[in-house]
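Asker: The chain contents come next:
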Amino acid sequence: MVKIVIDEDACVGCGSCVEDCPNDVYEMDEAKNKTKVVKVEDCMACLSCHEICPAQAMEHQDIHVAKRLYIDRSVKDAINKII
Amino acid sequence: MNGEIEEIRGTFKPELIPAETGGNIDDYEEALHVLMKFVGSMSSALEQVSGRGANAIVYQAGKRMGHEAGKLMEKTDDLEKAMGELSEILGQEFYFEMWKPSDQDSYTVEKGNETEVKLLFMDCVVRQTLRRTGLPQKGPLCYLLYGYMVGAVEEVMDIRGKLDIDHVGPNACLKTLTINWSGK
Ligand code: SF4
Ligand code: SF4
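First to last, the protein sequences are chains A and B.
Numbered per our numbering, the first sequence spans residues 1 to 83.
Numbered per our numbering, the second sequence spans residues 1 to 184.
In short, the hints are calculated from the structure, not lab data.
There may be inaccurate statements among the hints.
[Claimed, not checked] Derived SDA-like pairs: lysine to any residue, alpha-carbon spacing no greater than 25 Å straight-line:
#, chain 1, residue 1, chain 2, residue 2
1, A, K3, B, L119
2, B, K118, A, R68
3, A, K76, B, K118
4, B, K118, B, M83
5, A, K3, B, T178
6, A, K67, B, V109
7, A, K39, B, Y28
8, B, K138, B, T178
9, A, K67, B, S87
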């Protein structure tokens, strides 16, 4: 089953993930001003929350990872040499 | 000729069908990426020229392909069986499963003459192509797949169907398939 881990140090409390998730998986923890996972069982691992989070504060574990046919390995290798 | 390109040489007669495609995985990868870029550019050009009409054109094209593919499958009235057949037609490149929220008992929801089922597309070549070319999801290329799905379901079940996008993400997209039984 999917597990979502939030890095509370990274989360800036913008609430974008709460707005974005169509299945109400997140809610804002008003006291902490951080997001919290409240309905992990409804997460379908679309990862649109990853794209919207400005802090890259969440990690989804044990999900189906879609095939990434678009990655250009020659570009990736070139970047890896620089970084 | 560029020294890095490995040439394949052999004898060929017109009636021979090659037993192997030749080339290695890197050649296929390159070919796939070129194809992705071509298709992506075509899709965005179509949208620029025809605006929202592009979606309708591509949807119809997909639907026709879906009807053709559906003709090869066994007819059924059973939605779950039809979904199984559909996943065979679409193959691994469009791997999908039925999806439901945790508080819903069954995958199907009956609404008068209609039955709804949510489909979660996990692997999708269209999504990969859009990301390869930096194009947004829900554009004309997505409509090709919607048309294809609807055409195949209509053919297999002998009904009228429609597919709506609920949500798109980089790793999966949720769609609702609606079957209209009175369209039989
Ligand atoms: S992956 Fe999708 S369904 Fe899961 S929490 Fe993120 S937005 Fe919601
Ligand atoms: S989008 Fe990211 S930073 Fe914003 S509330 Fe959600 S986890 Fe925190």
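Asker: When the hints from earlier in the document are held up against this structure, which numbers fail?
Answerer: Result: hints 3, 5, 6 and 7 break, sorted rising.
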